[in-house]
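This is what each chain is made of:
There are 2 protein chains.
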Amino acid sequence: MTLAGSAKLAARQTTVRRALETLKLEALVVTAPSNIRYLTNHGGSAGVLVVTGDAMHLLIDFRYREAVRMLQASPSACPSLRPWDVSGSYDEALLDCLGQLGVSTAGFESPHLTVARHDWLVRTASARKLPLVFRSTGGIVETARMVKDDAEIDALREAARRLTPVAQAAFSMVRPGVSERAVAARIENAMRDAGYERTAFDTIVASGPNGALPHHRAGDRKFETGDLVVLDFGGVLDGYCSDLTRTVVVAPPSAEAQRVFAAVREAQQAAIEAVRPGIATTDVDRAARRVLETHGLGEAFGHGTGHGLGLDVHEEPRVTRPRADVAPVPLEPGMVFTIEPGAYLPGWGGVRIEDDVLVTEHGCDVLTSVSYALIPD
Amino acid sequence: MTLAGSAKLAARQTTVRRALETLKLEALVVTAPSNIRYLTNHGGSAGVLVVTGDAMHLLIDFRYREAVRMLQASPSACPSLRPWDVSGSYDEALLDCLGQLGVSTAGFESPHLTVARHDWLVRTASARKLPLVFRSTGGIVETARMVKDDAEIDALREAARRLTPVAQAAFSMVRPGVSERAVAARIENAMRDAGYERTAFDTIVASGPNGALPHHRAGDRKFETGDLVVLDFGGVLDGYCSDLTRTVVVAPPSAEAQRVFAAVREAQQAAIEAVRPGIATTDVDRAARRVLETHGLGEAFGHGTGHGLGLDVHEEPRVTRPRADVAPVPLEPGMVFTIEPGAYLPGWGGVRIEDDVLVTEHGCDVLTSVSYALIPD
Numbered sequence: 015m016t017l018a019g020s021a022k023l024a025a026r027q028t029t030v031r032r033a034l035e036t037l038k039l040e041a042l043v044v045t046a047p048s049n050i051r052y053l054t055n056h057g058g059s060a061g062v063l064v065v066t067g068d069a070m071h072l073l074i075d076f077r078y079r080e081a082v083r084m085l086q087a088s089p090s091a092c093p094s095l096r097p098w099d100v101s102g103s104y105d106e107a108l109l110d111c112l113g114q115l116g117v118s119t120a121g122f123e124s125p126h127l128t129v130a131r132h133d134w135l136v137r138t139a140s141a142r143k144l145p146l147v148f149r150s151t152g153g154i155v156e157t158a159r160m161v162k163d164d165a166e167i168d169a170l171r172e173a174a175r176r177l178t179p180v181a182q183a184a185f186s187m188v189r190p191g192v193s194e195r196a197v198a199a200r201i202e203n204a205m206r207d208a209g210y211e212r213t214a215f216d217t218i219v220a221s222g223p224n225g226a227l228p229h230h231r232a233g234d235r236k237f238e239t240g241d242l243v244v245l246d247f248g249g250v251l252d253g254y255c256s257d258l259t260r261t262v263v264v265a266p267p268s269a270e271a272q273r274v275f276a277a278v279r280e281a282q283q284a285a286i287e288a289v290r291p292g293i294a295t296t297d298v299d300r301a302a303r304r305v306l307e308t309h310g311l312g313e314a315f316g317h318g319t320g321h322g323l324g325l326d327v328h329e330e331p332r333v334t335r336p337r338a339d340v341a342p343v344p345l346e347p348g349m350v351f352t353i354e355p356g357a358y359l360p361g362w363g364g365v366r367i368e369d370d371v372l373v374t375e376h377g378c379d380v381l382t383s384v385s386y387a388l389i390p391d
Numbered sequence: 015m016t017l018a019g020s021a022k023l024a025a026r027q028t029t030v031r032r033a034l035e036t037l038k039l040e041a042l043v044v045t046a047p048s049n050i051r052y053l054t055n056h057g058g059s060a061g062v063l064v065v066t067g068d069a070m071h072l073l074i075d076f077r078y079r080e081a082v083r084m085l086q087a088s089p090s091a092c093p094s095l096r097p098w099d100v101s102g103s104y105d106e107a108l109l110d111c112l113g114q115l116g117v118s119t120a121g122f123e124s125p126h127l128t129v130a131r132h133d134w135l136v137r138t139a140s141a142r143k144l145p146l147v148f149r150s151t152g153g154i155v156e157t158a159r160m161v162k163d164d165a166e167i168d169a170l171r172e173a174a175r176r177l178t179p180v181a182q183a184a185f186s187m188v189r190p191g192v193s194e195r196a197v198a199a200r201i202e203n204a205m206r207d208a209g210y211e212r213t214a215f216d217t218i219v220a221s222g223p224n225g226a227l228p229h230h231r232a233g234d235r236k237f238e239t240g241d242l243v244v245l246d247f248g249g250v251l252d253g254y255c256s257d258l259t260r261t262v263v264v265a266p267p268s269a270e271a272q273r274v275f276a277a278v279r280e281a282q283q284a285a286i287e288a289v290r291p292g293i294a295t296t297d298v299d300r301a302a303r304r305v306l307e308t309h310g311l312g313e314a315f316g317h318g319t320g321h322g323l324g325l326d327v328h329e330e331p332r333v334t335r336p337r338a339d340v341a342p343v344p345l346e347p348g349m350v351f352t353i354e355p356g357a358y359l360p361g362w363g364g365v366r367i368e369d370d371v372l373v374t375e376h377g378c379d380v381l382t383s384v385s386y387a388l389i390p391d
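Chains A and B, in that order, give the protein sequences. Per my numbering, residue 15 is the first one in the first sequence, and the count goes up by one each step. Per my numbering, residue 15 is the first one in the second sequence, and the count goes up by one each step.
Honestly, the hints are just simulated from the structure, not real lab data. Be aware that a few hints might be false.
It does not matter which identical chain is meant; a pair holds if it fits inside one copy or across any two.
What the hints assert, rightly or not - DSBU-like mimics (lysine-lysine), calculated; alpha carbons at most 35 Å apart, straight line:
(1) Lys143 - Lys38
(2) Lys22 - Lys236
(3) Lys22 - Lys143
(4) Lys143 - Lys236
Let the sequences and hints guide you as you build the complete structure.
If you want it as structure tokens, here you go:
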């Protein structure tokens, strides 16, 4: 596994420490695993990180002690790391750590801490008479992660590039009588052969009417002539996610299949062409949605146009309609996200086409490189 | 996919409604996906459920509308289901729903709601002048889920049973020169062939020194003579999880490997034999831990002995040492959990042996059925 070098980690940590200064916080308690990974290279599923002005206090249990020791002996060692052993509960250990450090004002990640944990921490700190105040923060690390650095762009580019042979393997199985499940197995084998460490999400193979269920996975249904087949899959390489969707037909396609497919492809291309620095995420969504509305498919496109891609398969920025809970984000070079409009017609089927794009100085690079043909070669 | 029948769902809902009465709550807002699935059969990754005395208000977005319509036309339809369309944010829709229903006191699941969502809900309800109070609850549905009903036991039994050929396929590859990754691929293919809908967690193949990292996954390391190899995998069948670990050797084993292996196997057997109704989870842990301490391996066993198994691969009850944050649970017939002691020696390797057990009237049934031989056939 390739990890960010120590100098890169130091730069990321500096960004977060500047945010702490601005917010007048002595420490930030980081509980989201991918935020911990971004700042320390520690990739465990458990762990709590306390970022202070001079150290990265990483609380880990027994299971990760040896892995962290090996990390620190590598060129990807985390600068200023101070590991803390957790023998019981993480939150007990967290209070011990904050108490020993004498922290009086600690930020926590409100989108990544449950009410139960928060209430326990506040109640127990008070019972222990710790002079400690917890302050809600949101998106400090996520904002830093939204614009990828060079090492991340290399990883995302390679993760996207390797989907090409995987897609070809899937296309080669699209014929009558083959089951969705068999194609999903072929896709996942091809991802392993391509070197991905794991799938980024559950592989979707949705044929015929199942294509109208945007989150169908892969079942026992066998392909029939005329079926549209939605193939949605991605792999994780060096921690970074890729995500691709293609829709193909079990030839020959009906006139309606060709019409809907052409409309979605046109919408996807319009959104890709809209991407450039300064444009808002909502404008990218608008570009796709307008095309589908023109074709009478506005109602059939019920989800957002895309999502950020990085250490998480769904991260910032969200490419959606204007929504009360999602602030539009002006695009910047280095952002990476998916563009994946679709049209879903209950009882009939669906079409979705998805690529991963990198915002560049003047537009975007499409990182995935797979044929869009409705009838695969 | 086999789902619980409508009558079974009705019984589960009754249990939750009784808890609401006891707590004097008009509604429970359920946000944990596996709790929603347990009460409604809706298996989507998004959704919010509002349980009231007379209805199950299921808030779902576009992606799941068609799937819910199909569910309601099946013998596994959710009784008293009322679907609500979500077009923007789930939490906006939740406030709309609670407002329209005139709910004034709603419980929420504090272990499954983030501080950010909670604060937004409270602030926005207040801004809208809704006469609505949110009250923290924890474990209402999890407590109901801890004791499995007959349909769940059948599903868990079958999910465990099908691991036998998967383990055999893995064992057949344990010889010098084979990579961890290749064995993980074989395991995952065998799981698909066995009919599992997905893996329950990332497959672990940890050989030689990697075995000392309890959460190593599967890398490029190739097996060498004398290596201990920890194989930890599981599949999901009809929504229910299985979880198995075996440790085998690339023959011949060293005397130390035989010694550590025998100690862990003895500890695991002692824990299995301790299981019966009325015994506390901490006593089961104690039975395993005492054996390892006798063999001088107490320090090498740094994690808990097991975890509940059901719709989630890690659920209640936790089988651990006495801990401030985990209350011991007295065992009851129908509980299902893993028993998986291990010993991890940094730089050398590790051993873990894991089965899934069902608590019965007088002891337990071991649901997994795989050879314990250190040298596989």
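Going through the hints against the structure:
Both within a single protomer and between protomers do Lys143 and Lys38 lie at most 35 Å apart by alpha-carbon distance, with minima of 22 Å and 33 Å respectively. Taking the shortest alpha-carbon separations for Lys22 and Lys236, only the inter-copy value of 31 Å comes in at or below 35 Å, while the best intra-copy value is 48 Å. In this homomeric assembly, Lys22 and Lys143 never come within 35 Å of each other (Cα to Cα): the closest approach is 39 Å inside a single copy and 48 Å across copies. For the identical chains of this complex, Lys143 and Lys236 are neighbours neither inside a copy (64 Å) nor across copies (53 Å), given an alpha-carbon limit of 35 Å.
Of the numbered hints stated above, those contradicted by the structure are hints 3 and 4, listed in ascending order.
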